[in-house]
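Student: One letter stands for each residue in the lines below.
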Amino acid sequence: MRFAIQINEGPYTHQASDTAYQFTKAALEKGHEIFRVFFYHDGVNNGTRYTVPPQDDRNLQKLWSELAEKYKLDLVVCIAAAQRRGILDANEAKRQGKDGDNIAPGFRISGLGQLIEAGIQADRLIVFGD
Amino acid sequence: MRFAIQINEGPYTHQASDTAYQFTKAALEKGHEIFRVFFYHDGVNNGTRYTVPPQDDRNLQKLWSELAEKYKLDLVVCIAAAQRRGILDANEAKRQGKDGDNIAPGFRISGLGQLIEAGIQADRLIVFGD
Amino acid sequence: MSTLHTVNKSAYERNALKSCLDHALPGDAILLIEDGVLAARKGGSIAPALTAAKASCKIYALGPDLAARGIVAGQVLEGIETVDYAGFVDLAAGASRVCAWL
Amino acid sequence: MSTLHTVNKSAYERNALKSCLDHALPGDAILLIEDGVLAARKGGSIAPALTAAKASCKIYALGPDLAARGIVAGQVLEGIETVDYAGFVDLAAGASRVCAWL
Amino acid sequence: MSDEQAKKKFFYLNRKAPYGTIYALESLEVVLIGAAFEQDVSLAFVDDGVFQLMDNQDAAGTGMKGFSKIYRALGDYEVRKLYVEKESLETRGLSIEDLMPITYEDENEDYAEKPSIILVGKSELAKIIADQDVVMSF
Amino acid sequence: MSDEQAKKKFFYLNRKAPYGTIYALESLEVVLIGAAFEQDVSLAFVDDGVFQLMDNQDAAGTGMKGFSKIYRALGDYEVRKLYVEKESLETRGLSIEDLMPITYEDENEDYAEKPSIILVGKSELAKIIADQDVVMSF
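One line per chain: the protein sequences are P, A, V, L, W and C, in this order.
In this text, residue positions in the first sequence follow this note's numbering: the first is 1, and each later residue adds one.
In this text, residue positions in the second sequence follow this note's numbering: the first is 1, and each later residue adds one.
In this text, residue positions in the third sequence follow this note's numbering: the first is 1, and each later residue adds one.
In this text, residue positions in the fourth sequence follow this note's numbering: the first is 1, and each later residue adds one.
In this text, residue positions in the fifth sequence follow this note's numbering: the first is 1, and each later residue adds one.
In this text, residue positions in the sixth sequence follow this note's numbering: the first is 1, and each later residue adds one.
You may find that some hints are simply not true.
Claimed, not checked - Which stretches of chain C does chain L cover? Using the computed rule of at least three CB atoms under 8 Å from a CB of chain L, they are:
(1) 17–31
(2) 49–57
(3) 62–73
(4) 85–99
Don't read these hints as lab results, they were simulated from the structure.
On a predicted model such as this, the values are computed, not experimentally measured, just so you know.
We put the beta carbon where it would ideally sit given N, CA and C, even for glycine.
One chain only, chain P, in its complex shape (with noise of 0.2 Å):
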């Protein structure tokens, strides 16, 4: 089966992004497809590589991009909610003349018409969120 995966709120504040990463990787481990995770209002906060959290803790921007390499996971962060948050790419920093981005390996940015396509191609949308 196809799932995709929507993801409301930011890594560790609450646990929605936690919980949606270990949904993911047991879908995936059963043998099924993930079309898609998006993440969108404070969700895109699980995208930039700046985090540190405390050594004896888990790190779920490192968690989310070793899986995206290991299934070949799109990850894809909300443009638009993004923007309110401050993260960037590459190519939205030169856009948005920002001097720097801080998005994290194996996540990109996109509309969210990604999020309606997921909608349209997965058998399941499943979201996660405050």
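Given the coordinates of chain P, assemble chains A, V, L, W and C onto it according to the supplied hints.
Tutor: Below, chains A, V, L, W and C alone, put in the same frame as chain P:
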């Protein structure tokens, strides 16, 4: 009177930063002193200069930076909370081996002791959160 | 000396206002802000609890938050006073401590 | 075909579980996750509502979330089935749609 | 997605008040983008979500951007089914007269203005949910 | 701040469950840092905050870091007043036996172990709040 302000949530997602800003501005305009504004939890996300909100919307980071400049406000971002969420100044970036930083003008990163000190030194601590 | 309690959550969604009312002492002030102001509208199921609390506490609602949510003057419960941000500052300065029910 | 409803909020703090129960149809499944699992503990004031819902819906709770919050096996309400993340995936795959009550 | 058979039923579940959090606004942004995909779209306003449709919203004093006008424009985006739950209104002391009027022009009836808001009871809404393909929660 | 007169009463109001959100953990981090400032410190566990003190917490299966052991160490930081509200426990079907034992060593009584948890009714807690200088809410 001397106030201290604690902000627990990031910009846009919750109204906490908006309300805290309006309160702080009103207090200053009434001649009160603001000992410190302390950004904790997701509140640290108010201090990134990478945000690009829609042109017809308020820019909370800029509003805080401008208020800080006008009134010599002390805007402190909690270091532990900032590390979890990817807010860095140049020192922190170097210390953590990151390739850039995103702290906004007028904000500084420091420890939780600054919040306790604010509680001790101020006549009133006001907390804005979720 | 008295406490200023702030409530920023909808009483229809969360238990923050109820918990605040349970812990406010006679003479305390309660200020409804952000989504907390939704409780201040006449006719809602939370209105009787607020009306009862008025007997011992002074209750305020932040005007800009009422306006944002389309609650106009005549729709605010009798006896709830509307204040602006400067009024919020005065209430905080006038109390001995501020307790936020987040 | 049936719906899988997820509830991730404490029923003692918010109205999400109540709203979910109000909109679940007979044959639907309800999965308590994150702070939502707190409702699954025996003896709480929300227990009768969940017990009543069991008559028409199947109710599940996420085991790792129960464990994190110190709710051990014998303390879970009778008839609530504990599942792991793989079981969550199976429930989502087995329903026609997933509705999150955030 | 021009094939009628391929249309999916998208359902936006709005349970939160506006302004205190951004969910109402960012939900609307999804609806507007989603309209271009020509799916079957319904919005539901349940619990505090009914406050999103309050008439006379004026956010200027808070410093935030008001966005209530967008709801009125939904008809232009072919978004015409706004289910509002009766019980949620009643609990909050509201009636449909307290909500802003939202209409669309019916091209099959000489562009007559018709109301987009549909009052439903919770048992009716439960059946509507059970008929959807994709449920987006905010 | 060595002058006894200058001590302030700090009150940490914990109303949220652990793990679903980070507030419980980051509140504890403030308490630990704050202990070095030698103020008069009280913690209150009200509403879902009482779940923070549940015995037998094991977060391993969620991938999150468990932190319940920190509560047991509070005594070493001279944090000895943990007010737990009776009514909050009762609503949730809990009793004090469901909470982890938390103690401190009383240096005035030959380091005897004494319980840090103090059960209080809500009217009693209301009076305790009215006696504080600084209320930190999470």
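Student: Would you mind marking each hint as holding or not holding in the structure?
Tutor: Okay, the hints, checked on the actual structure:
no., hint, in the structure
1, 17–31, "holds (count 5)"
2, 49–57, "holds (count 5)"
3, 62–73, "holds (count 4)"
4, 85–99, "holds (count 5)"
No hint from the list above goes unmet by this structure.
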